[in-house]
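Now for the letters of each chain:
2 protein chains.
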Amino acid sequence: MSDATDRNVCPTKGLNDELLLSPKTSLLLYNSYMNAEIITIGTELILGQIVDTNFAFIARRLAEAGVSVYYKTSVGDNEKRMAETIKLALSRSDVVIITGGLGPTVDDVTRPVLVKLLNLKLVLNEHVLKYMQTYFDQRNIKMPQNNVSQALVPNGATIIENKNGTAPGLIIPVAKKYIIVIPGVPREMKPMLTESVIPFLKANFKTEGIIKSRVLKVYGLGESRVDELIEDLFRDSQNPTIALLASHLETKVRMTVKAKNDIEAEQLLNLMEVKIRERLHENIFAVDDDTMEKSVAMLMTLKKLTLATAESCTGGLLSSRITDVAGASAFFIRGVIAYSNESKMESLKVRKLSLELYGAVSKQVAEEMAEGVRITSGTDIGISVTGIAGPGGGTLEKPVGLVYIALSTDKEVISKEFRLGGNRIWNKERTAQNALDMLRRHLLAR
Amino acid sequence: MSDATDRNVCPTKGLNDELLLSPKTSLLLYNSYMNAEIITIGTELILGQIVDTNFAFIARRLAEAGVSVYYKTSVGDNEKRMAETIKLALSRSDVVIITGGLGPTVDDVTRPVLVKLLNLKLVLNEHVLKYMQTYFDQRNIKMPQNNVSQALVPNGATIIENKNGTAPGLIIPVAKKYIIVIPGVPREMKPMLTESVIPFLKANFKTEGIIKSRVLKVYGLGESRVDELIEDLFRDSQNPTIALLASHLETKVRMTVKAKNDIEAEQLLNLMEVKIRERLHENIFAVDDDTMEKSVAMLMTLKKLTLATAESCTGGLLSSRITDVAGASAFFIRGVIAYSNESKMESLKVRKLSLELYGAVSKQVAEEMAEGVRITSGTDIGISVTGIAGPGGGTLEKPVGLVYIALSTDKEVISKEFRLGGNRIWNKERTAQNALDMLRRHLLAR
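Sequences listed follow chains A and B, in order.
Be aware that the first sequence starts at 511, since it is given in the working numbering, and climbs by one per residue.
Be aware that the second sequence starts at 511, since it is given in the working numbering, and climbs by one per residue.
Simulated from the structure, these hints should not be mistaken for laboratory data.
Don't take every hint at face value.
As the list claims (entries may be wrong) - Each computed BS3-like pair below joins lysine-lysine, with the alpha-carbon atoms no more than 30 angstroms apart: (1) Lys-859(A) x Lys-859(B); (2) Lys-859(B) x Lys-814(A); (3) Lys-716(A) x Lys-859(B); (4) Lys-597(A) x Lys-859(B); (5) Lys-687(A) x Lys-716(B); (6) Lys-597(B) x Lys-762(A).
Okay, chain A solo, but in the shape it has when bound:
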C-alpha cells in the first residue's frame, strides 16, 4: 500500500470504503435512484455455442439489491458493435455491467474498446501484475507472456481483485455513471459481483426498494389443480405477485415481492407462504433450491430410520439422488439394481412364481422387491420401483411408462401404479421423483 496505484484496489472480500471512496479513486458518492444494464460479450454466445447463465445470476442479484435492470444485450468479440452497444447503454442507464472479453488473447477486446470509446489510456498496474504472478506461482505454472496484457488497466479505473483467475474487474467512472467490467468465467465473476460490485452499488446509489422471490415446490398435484387451489391469491395479490411454472418433476409457485428492504420483503413473502401452505399443505416438498431428496433425508434422520432401495427401471437414479445429500450414509444402507429377473430372485428374494404369473413389471413383484430388500438389508423401510422406461419393452397391455412403486415396513406394504408415458430419461426421472415423494409422505404420516 505504498503508492496511488496500489490504493486503487477494491478487494473482493468485502468492500473497503476507505479505498473505494478515496478521492484518488475518483469515485463520486451521490444519491439517486438508478438503473443498470447488462452486456455479455463473446462470439461463442452469439453463435449459440454456450448458454449465457451469467446474465440470470447477475440480474437476480441486482434485483435483490434493489437495482432495476431494463436491458440486457449480448454481442460478439467485435470492436465496432461492442462500442456501439456500450455507447447506447451509457446513454440510457446509470450503470453498465459488462462481462467477458477480458482474457489474454487478441480476441479479447473489451479493454481496448473501452479505452478508445472513453478516451482513456491503458496503464500497467503493478498490483495486478503482482497478484497474477502469485496466482501462477501457487499453481507452479510459469506466467505466459500474453497474460501481462491483463495487468493493463484503463487510467482512473478501480480494480476488483480476482481470487479465482487472472483478469481483474474494473470500475470505470464516466461522468456520473459507471461502467463495471467483470470476467465472463462464472467462477471468477460470481464472487466479484456479490462481494464487490453489489456492495459498491449499494454504497454509491440510493435504491428504490428491492425485488425478491421465493419458490415453493409442489408435487402430487397437477398444475391446473394447483392453479384452482390458489386461484384467488393468484388473481388478487399484487405484492407479492404469484406465478406458476410446471415441469415434469414439480410445479413451482413463485412469489415475487417488491419491498423497501430485505426485512420487509421476507415478511411479505412469509405472509404469502403461510397462505399458500394453508391451501397446498404437504404437497409442498421444498423451498427455493432445496430438493425432494433433501426433505427425505431430513425426515429419515429426524425419525432415526434406515432405508434400502430396490430399483429396476430407474437403474440407480433413486439411490443416486438419495446419496446426493451429505450425511445420507447415516440412514441409507443398501441399494440393489435388479435389471434381470435372475437378480430380482437372487438379490431380492422375489418368487419365481410371481415373475411368471404377473411379470416383472407388476404390483406383486414391486411389493416383493420392497419386502425383499428391506428384510435382506435389515432396514426399517424398503422401497422399490419396477417399470418400463422405454423406448423398447412396451406392450399393449403394459405400455412404456407403466411403473409400480412399493414401500415396505415391518407393519405394511403399500404400492401404487403410475402411467407416465414419456421418453426414457423422463420416465426414469419421474419414477425416482414419485418414489421419493411416496417415501416423504410416508415419513410425514409416520
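Fit chain B to the supplied structure of chain A, relying on the hints for placement.
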C-alpha cells in the same frame, strides 16, 4: 382453405412455398445477404428468475443455416422499452426474431406493441381460432375466454401453426425486412424455428455461407496436456478455428468452421477431426451430444459382454448413467450400492479381514467388490468404486476425494487410485466418469 385468411397459414411441418409466397401473404422474394437479430422478451428473464436457453438454441440454428447474428437483446414485458428495442433492431438488421410475450394474459404485450409500432391492426384469424379449439378439445379442457386473444393476428402477417401450444408464430413483412415472432416456451418455439422459420429464411435470403461446429470430448488428459498436443493446430488453423473448454468431466475441443454449404463444412470438420484424432487417439470418448455411457454401451453390445456394478461413494450414479442408454438391459445385469460395511460383506463377499486391515476405502476392498459383484452376478465384467465423497468422512490419511476404482474379469483384476478433492456432487460425478472411462478403455483394448 376457403378464404384469404386461411391461406395465410404456414404449417410447422415443412414449408409450403405456395402459401408463403402467395401474393396475398405479401412476402417478397429477394436475394441478398442478410443478418438477423434476436430479442427475447419477459420480465422473468430480466429479473434473473429463469435462464434464457432459447437464445443459444436459436443462434446455433441460425449460424448453421448461414444467417449471421450480431446482437441479442433481452427486455421485460414493458411496452415502451420493447418498442424501442424492436425499432433499433429493425434499423440495423434484416430479420428480427422475437420470442416471448405471446401468452393470453395482459402482461403479454408483444402483439399490441408490434401493431402500434408498425401501424397495423389485430384481426381475428379463424384458422388459428379453430386449431386452438382443437388443441383444447383434444385435452378435454374448455378453452378459456382469454385465449381467444391469441387468435388476434396483425394484418399482413403469415401464421406459423403451433403444434405444441396455442399462440401462433408470426412472420410480419416490414419494407424489405421481416419481424418473426415465436413463443417463448421452448417446446413450442423449437419446432417452429427449425421447421418453418429456418426454411423460410433460406428460401427468401441468399446466405453468406454457414457456420458449423463440432465438439470432440476428451477424458484422461488434462486441459494443458490437450493444449500441448494440438498447440500447432490450435495456433495455425484459421478455418476451422479450434477452442478448448474444460470442465471437471471432460475437455471439449470445439472446431468451428465457416463454409459455403453444409457439405463443405462437414469436409473441413472431418479433415480437422482426423488430424486431432491422430494426436489425442482414444482419449476422445465421444462427439457432440454423445456421452461416455453411450460409448460404453456401444462397446459392450458390440463385444457381447455383460456387466455388473458395485458402488459405494457414487451411490447409484454409475449405474444410473449406464441405464440412461436405451438398450442397456441387454448387457447390464445387476448393480449393488453397498454403503455400509455389512452390505459390502453380504452382497459383495468382501472379506471382513480386508475391511479391518485396509478399510472400506482401499485398493483391496475395491478389488474384492469388483470380483464379488462379477461372480455373484455371473457377468463377464464387474466394476466397483469406493471412496470418500465428502463433505464428512475424510481423515488426514484418507482425505475427501480419495477414490479407488477396480475392474474384474475372469482373467484379471485391475484397480486405480484417484485423489479428486472437490465437493460431494463433483466427486460423485468424477468418480462415475472415471469408472466409465476405465471400462471404455478396457473394452477398446479387449
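Right, here's what the structure says about each hint:
no. : hint                    : result
1   : Lys-859(A) x Lys-859(B) : holds (18 angstroms)
2   : Lys-859(B) x Lys-814(A) : holds (28 angstroms)
3   : Lys-716(A) x Lys-859(B) : violated (67 angstroms)
4   : Lys-597(A) x Lys-859(B) : violated (70 angstroms)
5   : Lys-687(A) x Lys-716(B) : violated (43 angstroms)
6   : Lys-597(B) x Lys-762(A) : violated (35 angstroms)
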